[in-house]
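Student: Chain order of the listed sequences is A and B.
Numbering-wise, the first sequence is residues 1 to 149 according to the numbering used here.
Numbering-wise, the second sequence is residues 1001 to 1309 according to the numbering used here.
Among the clues, some could well be false.
[Unchecked claim] Pairs of lysine to any residue, SDA-like flavour, derived with a Cα cap of 25 Å: (1) 149(A) x 1176(B); (2) 81(A) x 1037(B); (3) 1238(B) x 81(A); (4) 1246(B) x 121(A); (5) 48(A) x 1250(B); (6) 37(A) x 1268(B); (7) 45(A) x 1279(B); (8) 136(A) x 1261(B); (9) 33(A) x 1259(B); (10) 1238(B) x 87(A); (11) 94(A) x 1246(B); (12) 121(A) x 1256(B); (13) 149(A) x 1032(B); (14) 1176(B) x 1142(B); (15) 136(A) x 1266(B); (16) 48(A) x 1243(B).
Hint data in this document are derived by calculation from the structure and do not stem from the laboratory.
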Amino acid sequence: MKRVLVVTGVLLLSVGAVVAQQDVAVQQQNLMKAQGKNMYGVLLKVVKGETPFDQAAVNAALAGLEADVAKIPTVFTPNPKVDVVDATFGSSQKIWQNKPDFDAKVTPVTKAIVDAKGTAKDAASLKVAFDAIQAKCTDCHETYRVKLK
Amino acid sequence: MLRRILLGLIVAAAGAGIFWWLTIPAVVAPASLAAYTPNVANGLAVFNAGGCSSCHAVPSQPDRLKLGGGLAMPSPFGTFTVPNISPDLTEGIGRWSEADFVTALLKGTSPDGRHYFPAFPYASYQQASVADARDLFAYLKTLAPVAGKTPDHDLPFPFNIRRNVGIWKWLFMDGKPFTADASRSPSWNRGAYLVNGLGHCAECHSPRNVLGGIVATQRFAGGPNPEGEGWVPNITQKRLGDWSAKDIEYFLESGQTPDGDTAGGSMARVIRNTSQLSPGDRAAMAEYLKSLPPVEGPPRSSKAKQKEG
């Protein structure tokens, strides 16, 4: 009986550990999804002419992006070692082999967003700013984001 | 007994002979190249369609035209280091003849008559036209020479034996240039030429067998990323069925997918090339991709897997 209890306990513990790792992975992914919402759900639609240019909405999206991007180095500090269940994207293990380089990819994004806050005054200038931000997001995704399906 | 040994020797000798014969590197004879004035502007288009800069540009610097090589390419067979193809006279291809270059690109054979490894995607480039290859050579000659020798490949035995590549070529390369399908539109044929030949899209977007050859029945159906982690997506209509031709065109121009995301991973480098193509060429590629029948890709484990840290 005792043995059964111990075995069950150990099993529960390890299940708990995997769940905790899932939570970390989900939290990391949600941060990126939030950035995706501002970037593609708001800004890209204006760039493509699907929604009219609205300075307040653009400013809000840029402010949201700036705040989220600043969180990347901390949120990605733990290595969950698992992918979010059934996700399209995951994190490369290279992040935790070279965390300083990963973190260094954040600064150029922030700079591009700050620049955009000063220059995006209509759909045309937003397009230039959008491409500049996107290029920096891609610089990180090229090395550290992994497509899973 | 003696007879059996003799028989064995004969079989071995015949085997060696067949091996030798099968693995003779193919070349393009200089005499077969008639007088020609290359079109450098088309050479630039060929360069962008072929994505040469993705592999041959010096890594971690922004100039796509600095073709000094040095990128390390991990693979299941070892690590390749991409060579210098700038017009440098000692370390690059500055002293190459036009026939040397056409042979390298279309046959995968070096000027000293050895096989290149298929990490250089000549199994796709072989479909390019000789005229495109000559224009590309003329264009490469206009670029700045980059000094510096790249390190050797790091390959274990037997993958380091170049002669063995002859068998690989015999198995996986048909040696035929692209042939147009007269029942299709000129733009479809242009797209098929770009996607299968210069664009070498199938090299990443297809599963491979143990010998590293593309599984022909699952061409374009995606598979595990040969360079490491993750998956290269299926680009047949199995997955791209709900992308319009315009969506594909816009993706090749900007990297933006219709579901609100942007290409990352090794596709980011591909977009840096396709974004430089003419709108007509991107539309042709999209038309061709939309015509690919849906093909189920290889199975992948659906459960989140514990990774080795």
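Student: Taking the hints in turn, state whether each one holds.
Tutor: Structure-based check of all given hints:
1. 149(A) x 1176(B): With Cα atoms ~33 Å apart, residue 149(A) and residue 1176(B) exceed 25 Å; violated.
2. 81(A) x 1037(B): violated (57 Å)
3. 1238(B) x 81(A): Status violated; Cα separation ~30 Å.
4. 1246(B) x 121(A): The hint is violated at about 28 Å.
5. 48(A) x 1250(B): Given pair residue 48(A), residue 1250(B) holds - Cα atoms ~11 Å apart, limit 25 Å.
6. 37(A) x 1268(B): holds (20 Å)
7. 45(A) x 1279(B): Satisfied, since the Cα-Cα distance of roughly 22 Å is no more than 25 Å.
8. 136(A) x 1261(B): At roughly 14 Å apart (the allowed maximum being 25 Å), residue 1261(B) and residue 136(A) satisfy the hint.
9. 33(A) x 1259(B): Cα-Cα ~12 Å, so holds.
10. 1238(B) x 87(A): Status holds; Cα separation ~19 Å.
11. 94(A) x 1246(B): Violated - the C-alpha atoms of residue 1246(B) and residue 94(A) are around 35 Å apart, more than 25 Å.
12. 121(A) x 1256(B): It holds: about 23 Å lies between the C-alpha atoms, which stays within 25 Å.
13. 149(A) x 1032(B): Judged against 25 Å, a Cα distance of about 46 Å means the pair is violated.
14. 1176(B) x 1142(B): The given pair, whose Cα atoms are some 29 Å apart, is violated under the 25 Å limit.
15. 136(A) x 1266(B): At roughly 15 Å apart (the allowed maximum being 25 Å), residue 1266(B) and residue 136(A) satisfy the hint.
16. 48(A) x 1243(B): holds (17 Å)
Hints 1, 2, 3, 4, 11, 13, 14 from the earlier list are contradicted by this structure; the remaining hints agree with it.
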